[in-house]
Amino acid sequence: MKSFGVILASMVLILSSCISELEPVANLSGNADSILAITTPIDSTRRSIISGVYVVDSPSRRFGDTVAVQSRGSLITIFTVKDVVYFAMRGGLRDDSVLLSGYWRGVQGPLTGVAQLSIQPGEGGSDIAAGKGSGKGLILRGEIDVPELDRPEPLVLRKIEKEFERLRGFQIIAHRGGGRNSERLGVSENTKEMMFLSPVLGATGIEIDIQSTKDGVPIVFHDPTFTSRTVRSPYLIGKVSNYTYKNLQTLARLIYGERIPTLEEALIAVIDKTELSMIWLDVKAAHLTDSIIGIQKRAIEHAKFKGRNIRILFGIPDDDVLNAYRRSPLKGTSPVLCELDPHIVRELDADVWAPRFTLGLQKELVAEMQKEGRDVYVWTLDDTGFMIEYLRDGDFDGILTNYPTLLAAIFRTRIL
Amino acid sequence: METLLAAMLLFCAPQDSSGLIMRRDSSMRSLYRVEATLMGAIQATRYADKPTLVSAGTLFPGTSFGGRLMWHPDHLLSVGLYSGYVTFSREHLSLTDEKGSPQDVTLDLTGIPVQVVVAMQPGNFQFGVGLGVYFLTSHTSVNNTERFSSSDYTYGATTWLAYDVRLTSFLTVGPEIGVHLLSHTGLTTGMVGLRVKVDLLTY
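One line per chain: the protein sequences are F and G, in this order.
The first sequence stops at residue 419 when you use our numbering, and every number in between is there.
The second sequence stops at residue 204 when you use our numbering, and every number in between is there.
Possibly wrong hints are sitting among the right ones.
[As the list claims (entries may be wrong)] DSS-like mimics (lysine-lysine), calculated; alpha carbons at most 30 Å apart, straight line: (1) 309/F - 51/G; (2) 242/F - 100/G; (3) 100/G - 276/F; (4) 165/F - 135/F; (5) 165/F - 85/F; (6) 100/G - 300/F; (7) 300/F - 276/F.
The set of hints was computed from the structure by calculation and includes no laboratory data.
Remember, it's a predicted structure, so these values are computed and weren't measured experimentally.
Hey, can you work out the whole structure from these sequences and the hints?
Structure, rendered in structure tokens:
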């Protein structure tokens, strides 16, 4: 009897260990609204003064020694390599000071807290207000809430140089629209909400996945089947392609409650409401090739109409999509990203070649492709060491990652 | 390791009619039975979260029917297979589509478990556990006009406790309580039911 109890307890232990609880981490806003109400927006000239590489001068090394600060619109973001943390701060100018409020959180863990920072008049605030200088030496000073501490922790950042930029440009490409569900970012992967968050995470471009409904509507969804990883409802099971678009609109809610967007909705939302400059369509429904290219072309037209400089690439990841593309009457009428062999890239005259990172740096081939006018994006790098190696020793035009925050921190601070 | 060895020895030890463990005697003939158990139960399923955003709650009534085929030597332990049909939940919802049009939607989730089970039967009691897969099917009806279903499988477990009252030399009946645990689907089901056990073969 006792032995049976031991075995039963072991089985319960094994089974319960399979339960994966996704604790959502709240995205905090601090008192950004009240800060925005009493400040004036920072224009592009002043934003460039704030952006740069900063050293951490406060005693705590919670965020490492060096961080990247980026200022875009009313949003100021900070990216750290240590613990892969991002800050999302809003604010503006008040007299000769810059006032910022927002939150910080670790992408790879549950740590998060409110942050209040400012640039005082004598620490660079006056120069920013006057719109002069490079900003070198300016000090971002303030306090952050840390979950395990009873009181706020001081944070002092000092600008040492401007942020790194590559002459040919560089794409920090966020996987699944910005991040995976496993990172518990508070929004679901491949949703419009995640795409809106992706610039805050450090991305300049996104990769999104295209699946098909039963009635042939291209939707943005990664997996071919519904599981508890992606959807909240136990009634949604089996193949995505078992459900019509209308069924999904009625029944499907993703793990943070969002609806599954159609490809067209997602593209229009990114064009209209973000500053992202690249969208990589990872096509997982080869039979929808014509439909997807049609939507891509309409989105490109919409972007032109809106004056948006954004690149939308039809991705060819495998032979199924390649064969469908070769048969398509729309072949060659829109920009293409090809993940396959270089000779296929040349045959299709693809705009971008995207080899997997396990093939190595391929310096000569990358240089040849660039000489032919193509960009080269490598996928998927999530490890700090690999990112550093591929940035330092390679010459890629973009890197696809699940951690755009980490890549942004490494790339912009040049910690190579 | 000692506990595991003790467990194996206990399972292998023969028992008399009172359930007491006996020492194996070389002159004693072994007795083996093949037993079929049929059971029906009412049940309550609790989901870890509301199954839909507009569901009234997380607890749903349901029913289950099943059968176990067990090989039961003259020992405490028996082993076998379990399958059946479980209705985990069924609900009627008033939803709206993307255009705001009202939709009367009926949803239900059913499962067919296929599991390897082990059980112990001290005296008239039997308790056991099963591990295996559940072939799940979700049925959806929209406005009573559009119907469709989708299927998948997931891993899960059962455990049960039963009491048998012998009616004839080969037939027993009794109550049974049990639990289905489908951790990846986020549901736990408690069952209360009746069972009939038949000795199909004795050798």
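Earlier hints that do not hold, by number: Violated: hint 1 alone.
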